[in-house]
Amino acid sequence: MCVLFILTFLWGENRFSRLGENVYLGLAAGMNLALALLYLWKNVIQAGNVFIIIPCVLGLLLWARESKEFAWCSRIPLALLVGVGTGLAMRGAIDALIIKQIQAAMTIDVTKGIGVTLSNLVLLIGTIGSLMYFVYTVKPGKTLNSGARIGRHFLMAAFGSYFAAIVMTRSTNLAVILNDYIYGFILKILGLRSW
Amino acid sequence: MLEDLKKIYKQIGRPRFISLLMIFFVTIPILYPIGIPVVIEDHAKMAFEAVESLPPGSKVAVSGHIMLALWKEAEIGTTAIIAHLFSRQLKIVAWAILPEDAELLHGVFENVPKQDAKYGVDYVLLGFVPGEESALATIASDINAAFDTDFYGNPINTLPLMSEVRDANDFSLIVALSHAPEFYVRQWQSPYNIPVIGVSTGAGTVSYYPYIPQQVVGLVGGSKGGAGYELLIGRPGRGILATDVLNVSLLFLMGSIIAGNISMILEKRKLKGSERK
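Note that the protein sequences, when read in sequence, are chains W and G. 0 is the number of the first residue of the first sequence in numbering that gives the first Met the number 0; add one for each residue after it. 0 is the number of the first residue of the second sequence in numbering that gives the first Met the number 0; add one for each residue after it.
Worth flagging that the hints you see were computed from the coordinates, not collected in a lab. There could be a bad hint or two in this list.
In silico PhoX-like pairs for lysine-lysine, Cα to Cα no more than 25 Å straight-line [as the list claims (entries may be wrong)]:
hint: 1; chain 1: G; residue 1: 5; chain 2: G; residue 2: 267
hint: 2; chain 1: G; residue 1: 44; chain 2: G; residue 2: 58
hint: 3; chain 1: G; residue 1: 44; chain 2: W; residue 2: 99
hint: 4; chain 1: G; residue 1: 44; chain 2: W; residue 2: 111
hint: 5; chain 1: G; residue 1: 117; chain 2: G; residue 2: 58
hint: 6; chain 1: G; residue 1: 113; chain 2: G; residue 2: 44
A short list of chain W residues far from chain G (calculated; beta carbon distances all over 10 Å) [claimed, not checked]:
hint: 7; residue: 22
hint: 8; residue: 105
hint: 9; residue: 146
Given the structure is predicted, the values throughout are model-derived calculations rather than measurements. The beta-carbon is built from N, C-alpha and C at its ideal position, and this holds for glycine as well.
Hey, can you work out the whole structure from these sequences and the hints?
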């Protein structure tokens, strides 16, 4: 029903589309809250794992931001989150995200045929051009401007392909929603598909 | 017919007209499957070969990290790859790092053919663990630190498969149902050298490309990748239907874009002509 209500948005915003959106948001928020509480119930209360109370208290301290008097308390868990997140991200980031990516971009393989070689060359030119587009610390000259122009075209192509991928995802979602929830339901009621 | 369409177009406006046309074109292959040939992507072939190369009995990790809103498309590739893992007699340890994925993976395990695989011995669904990347790091270093019980409430020390796995080094492969491959590359592939196979929606495939083929050894991307994988394992299913619909809808979109651009060019010429007069 929510799907049908939200699809009525095609005809313009109406009570049904707003009802569908609000019910969907409420369900999503409620489900996440319920699952989080279930996790706490199973792993703290039922399992008797008292130490998990410490991160629970730190999580609740984040809400202290709402109070002017105690807003400073929220800095402690926030600092912990940022520190842990950064530390985890740094692990493996230098090797996996920087060194290996540079190696892969610089490699021009001449052993697998002219197609692969040209493809590697295009990748290298695109990478350098895109990086030159984002250089702001050097006075722009002829070389930088030419490289940046090439990089801009590669960036536009990349954004275009990303947009196309999103359109593909949305089309598939529409197809599956129509097949499963609307046509499937109608066909099952008419007896043309099994339940 | 054309006059009726023009009347409807004038009454409801362009955006609604195009949306209705889109729904019409999407409906045709659902009700009357066309059977447009599916081209199997290279990345799906690489994922298939990565699974085929594992000897029976190898342990494979499956990590659920796809939002519920995107699940319908990712389910195609997920079902295909888990069916393949069971058919190769590989042992599966699955978990979720988003709350809804535990239930979604449970649904997949219920419906996929398991080839006599026994729960607890050949496959385990561990459930949800919060923390996303930090959860992945914890599981990689010590799986028992992240889970006390499985999804069904069984203590994990009662499950025979869990006595064979302690950390990432005990796994031969990780299947990441995710739009964030960098988490798996940072926490599993780079420190422990565990190959990663990605399963994502069409939109998520773009984030995998920088890591293929050295860090991510295969990708089942979107309904197209899922359909290709279904053909590779000899089990055509929802992916083929979805690809049919995708082809028709994208042809319609391309036609709309081309028609829009042609009409824009003609209008500009008309304006220039009237200005000269």
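Here is how each hint holds up against the structure:
Of the pairs offered as hints, the one joining residue 5 (chain G) and residue 267 (chain G) holds, with about 22 Å between alpha carbons and a cut-off of 25 Å not exceeded. Distance restraint check for residue 44 (chain G) and residue 58 (chain G): the Cα-Cα separation of roughly 21 Å lies within the 25 Å cut-off, and the hinted pair is therefore satisfied. With a C-alpha separation of about 23 Å, the suggested pair residue 44 (chain G) and residue 99 (chain W) falls inside the 25 Å cut-off, and the hint holds. Taking the CA atoms of residue 44 (chain G) and residue 111 (chain W), the gap is near 18 Å; set against the 25 Å cutoff, the hint holds.
Annotation: proposed proximity of residue 117 (chain G) to residue 58 (chain G) holds, straight-line Cα distance about 14 Å (limit 25 Å). Between residue 113 (chain G) and residue 44 (chain G) the alpha-carbon distance is near 22 Å, which keeps this suggested pair within the 25 Å criterion. With a cut of 10 Å on Cβ distances, residue 22 (chain W) stays outside the contact zone with chain G, its closest approach being about 14 Å. Non-interface status of residue 105 (chain W) relative to chain G is upheld: no Cβ of that chain comes within 10 Å, the nearest being about 13 Å off.
No Cβ of chain G comes within 10 Å of the Cβ of residue 146 (chain W); the nearest lies about 20 Å off, and the non-interface call holds.
Of the numbered hints listed earlier, not one is contradicted by the structure.
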